[in-house]
Amino acid sequence: ETGVTQSPTHLIKTRGQQVTLRCSSQSGHNTVSWYQQALGQGPQFIFQYYREEENGRGNFPPRFSGLQFPNYSSELNVNALELDDSALYLCASRPGLAEETQYFGPGTRLLVL
Amino acid sequence: EDQVTQSPEALRLQEGESSSLNCSYTVSGLRGLFWYRQDPGKGPEFLFTLYSAGEEKEKERLKATLTKKESFLHITAPKPEDSATYLCAVQDTGFQKLVFGTGTRLLVSP
Numbered sequence: 597e598t599g600v601t602q603s604p605t606h607l608i609k610t611r612g613q614q615v616t617l618r619c620s621s622q623s624g625h626n627t628v629s630w631y632q633q634a635l636g637q638g639p640q641f642i643f644q645y646y647r648e649e650e651n652g653r654g655n656f657p658p659r660f661s662g663l664q665f666p667n668y669s670s671e672l673n674v675n676a677l678e679l680d681d682s683a684l685y686l687c688a689s690r691p692g693l694a695e696e697t698q699y700f701g702p703g704t705r706l707l708v709l
Numbered sequence: 003e004d005q006v007t008q009s010p011e012a013l014r015l016q017e018g019e020s021s022s023l024n025c026s027y028t029v030s031g032l033r034g035l036f037w038y039r040q041d042p043g044k045g046p047e048f049l050f051t052l053y054s055a056g057e058e059k060e061k062e063r064l065k066a067t068l069t070k071k072e073s074f075l076h077i078t079a080p081k082p083e084d085s086a087t088y089l090c091a092v093q094d095t096g097f098q099k100l101v102f103g104t105g106t107r108l109l110v111s112p
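Residue numbers (this note's numbering), protein chains in the order written: chain R, 597 to 709; chain X, 3 to 112.
No lab work stands behind these hints, which were simulated from the structure alone. One should not assume that every hint holds.
What the hints assert, rightly or not - Pairwise CB distance ranges, derived in the manner of DEER restraints:
no., chain 1, residue 1, chain 2, residue 2, range
1, X, 53, R, 599, 19 to 27 Å
2, X, 70, R, 635, 28 to 36 Å
3, R, 673, X, 44, 22 to 30 Å
4, X, 63, R, 663, 35 to 43 Å
5, X, 70, R, 603, 36 to 44 Å
6, R, 605, X, 10, 29 to 37 Å
7, X, 70, R, 695, 22 to 30 Å
8, R, 609, X, 43, 14 to 22 Å
9, R, 659, X, 43, 23 to 31 Å
Unchecked claim - Residues of chain R clear of chain X, computed beta-carbon distances all greater than 12 Å:
no., residue
10, 659
11, 677
12, 708
The C-beta atom is built at its ideal place from N, Cα and C for all residues, glycine as well.
Please work from the sequences and hints to get the whole structure.
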């Protein structure tokens, strides 16, 4: 069984640019959440998607947006990048809203210069 | 607002020296408390889910326990490969997000 995968593993952007990060959920998992983890901190919840609909959002501005596709893979888009957006971006999936445990991917390391 | 505080921030042990990590939490209604292990630059790896006070779960050298205010992760006779950051998170009954602590960085020396 394939776990959660994310791409790319690393990328470097400059302030003001836009970025798209991708996540393939674990097989059979229809719920995907995105988290931002700054260096030395715990992950912070960005938003969650369930069956292609946004199902909850954390304290992040609208320039953070997402999508979920019919195969339950997901994208995180960030517009107008700021230096503070530099972080590890984590995707987590679970079989459904009734299941509590979330399984994380390896993350994408974003550096904004 | 849900909050999670982990202590100590960092812990250095000798191989075989048992110890415990603490996770204190406040949540309006607990749906689950989670422990994850995270290696540098990688995603968190799931360890345990605890649902109610008094519950305990074990996996190899790790044992997690839960009370109404805190959780402990006991590490018995640790090995160098147990070196990692251990993250605690809670999920409340009203919302589905995980709220994480800042983690405990564990270093086990041979």
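Do the hints match the structure? See the list:
At roughly 24 Å, the beta carbons of residue 53 (chain X) and residue 599 (chain R) sit within the given window of 19 to 27 Å. Between residue 70 (chain X) and residue 635 (chain R) the CB atoms are about 33 Å apart, so this pair conforms to the stated range of 28 to 36 Å. Between residue 673 (chain R) and residue 44 (chain X) the beta carbon distance is about 23 Å. The supplied range of 22 to 30 Å therefore holds. At roughly 41 Å, the beta carbons of residue 63 (chain X) and residue 663 (chain R) sit within the given window of 35 to 43 Å.
A C-beta distance of roughly 41 Å is found between residue 70 (chain X) and residue 603 (chain R), which places it inside the suggested range of 36 to 44 Å. For the pair residue 605 (chain R) and residue 10 (chain X), the beta carbons lie near 31 Å from each other, so the given range of 29 to 37 Å is met. The supplied range of 22 to 30 Å is met by residue 70 (chain X) and residue 695 (chain R), whose beta-carbon atoms lie about 24 Å from each other. Evaluation of the 14 to 22 Å hint for residue 609 (chain R) and residue 43 (chain X) yields a pass: the beta carbon distance comes to about 18 Å.
The hinted window of 23 to 31 Å between residue 659 (chain R) and residue 43 (chain X) holds, with their beta carbons roughly 25 Å apart. Every CB of chain X lies more than 12 Å from the CB of residue 659 (chain R), the least distance being 19 Å, so the non-interface label holds. At roughly 21 Å from the closest C-beta of chain X, the C-beta of residue 677 (chain R) stays outside 12 Å, upholding its exclusion from the interface. Annotated as non-interface, residue 708 (chain R) keeps its C-beta farther than 12 Å from every C-beta of chain X; the closest such distance is 17 Å.
Of the numbered hints given earlier, the model fails none.
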